[in-house]
Amino acid sequence: NAGVTQTPKFRILKIGQSMTLQCTQDMNHNYMYWYRQDPGMGLKLIYYSVGAGITDKGEVPNGYNVSRSTTEDFPLRLELAAPSQTSVYFCASSYSGTGGQGEQYFGPGTRLTVT
Amino acid sequence: QKEVEQNSGPLSVPEGAIASLNCTYSDRGSQSFFWYRQYSGKSPELIMSIYSNGDKEDGRFTAQLNKASQYVSLLIRDSQPSDSATYLCAVNAAGGSYIPTFGRGTSLIVHP
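So the protein sequences, as listed, match chains D and V. Just so you know, we're using the working numbering here: the first sequence kicks off at 519 and counts up by one. Just so you know, we're using the working numbering here: the second sequence kicks off at 83 and counts up by one.
In short, the hints are calculated from the structure, not lab data. Wrong hints could be hidden among the right ones.
Said to hold, decoys possible - Here are the simulated distance ranges between beta carbons: (1) T538/D to G98/V: 24 to 34 Å; (2) A176/V to T523/D: 28 to 38 Å; (3) E127/V to D591/D: 17 to 27 Å.
To be verified - Covered stretches of chain D (chain V as the covering partner; in silico rule of three or more C-beta atoms under 8 Å from a C-beta of chain V): (4) 554-561; (5) 619-632.
What the hints assert, rightly or not - Below, simulated EDC-like cross-link-like pairs (lysine to aspartate or glutamate); rule was C-alpha separation at most 20 Å, straight line: (6) K124/V to E621/D; (7) K575/D to E85/V; (8) K527/D to E597/D; (9) K562/D to E85/V; (10) K149/V to D109/V.
In this text, a Cβ means the ideal position worked out from N, Cα and C, and glycines have one as well.
I would like the entire structure built from these sequences, with the hints used as guidance.
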């Protein structure tokens with residue numbers, strides 16, 4: 519049981535480039551989330567999904583896009599990277615239903631630098 | 083705007099002491115509350131969840147919830163240097179939401 523996995527671990531992008539951050543979970547969780555964390559700050563929600571085919575914006579969605587075609591995968595797309603997107607990105611998942619109140623399980627993170 | 087407030091610290095305690103971490107929240111209808119531990123350079127890890135007023139104990143950790151006063155706290159007994167980390171408080175929105183708001187975290191330093 520690998521939990522939540524993310525790739526890549528590190529990435530350097532040039533301004534204007536695009537990339538996709540991958541996230542996969544093997545716990546059959548219905549909820550998945552993308553956060554960014556800037557130094558000394560808390561977690562800011564970018565997008566979330568309540569199940570396959572359903573996504574919604576969080577607090578800071580501008581400059582990002584997501585899709586959720588399967589329960590397991592929740593990729594985050596960055597279009598036209600900007601220096602303001604330099605951050606650490608965490609993917610998380612949780613289960614809502616009997617026995618689950620939304621406790622989140624996090625992936626190891628992707629450290630992204632845009633120069 | 084839902085808010086979750088934590089003192090950023092650092093909170094410095096000697097080894098063996100009780101560390102007390104506090105969190106206040108603005109959404110009066112919130113029902114689910116969580117504490118996560120985050121070591122430097124690592125991802126957050128769930129350590130406690132609490133849903134009812136009162137205390138919940140798990141080993142050296144005790145979570146306390148007071149919905150009337152809108153605060154939740156985490157006590158760490160017999161603090162160890164390995165407890166040195168940032169502790170994040172998270173509060174789910176009211177109405178059965180599973181979308182949390184995180185506080186900025188409190189940095190805890192346990193010195194030998």
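Hints, verified against the model:
no. : hint                         : result
1   : T538/D to G98/V: 24 to 34 Å  : violated (48 Å)
2   : A176/V to T523/D: 28 to 38 Å : holds (32 Å)
3   : E127/V to D591/D: 17 to 27 Å : holds (22 Å)
4   : 554-561                      : holds (count 4)
5   : 619-632                      : holds (count 9)
6   : K124/V to E621/D             : holds (18 Å)
7   : K575/D to E85/V              : holds (18 Å)
8   : K527/D to E597/D             : holds (19 Å)
9   : K562/D to E85/V              : holds (12 Å)
10  : K149/V to D109/V             : holds (10 Å)
In this structure, only the earlier hint numbered 1 is contradicted, and the remaining ones agree with it.
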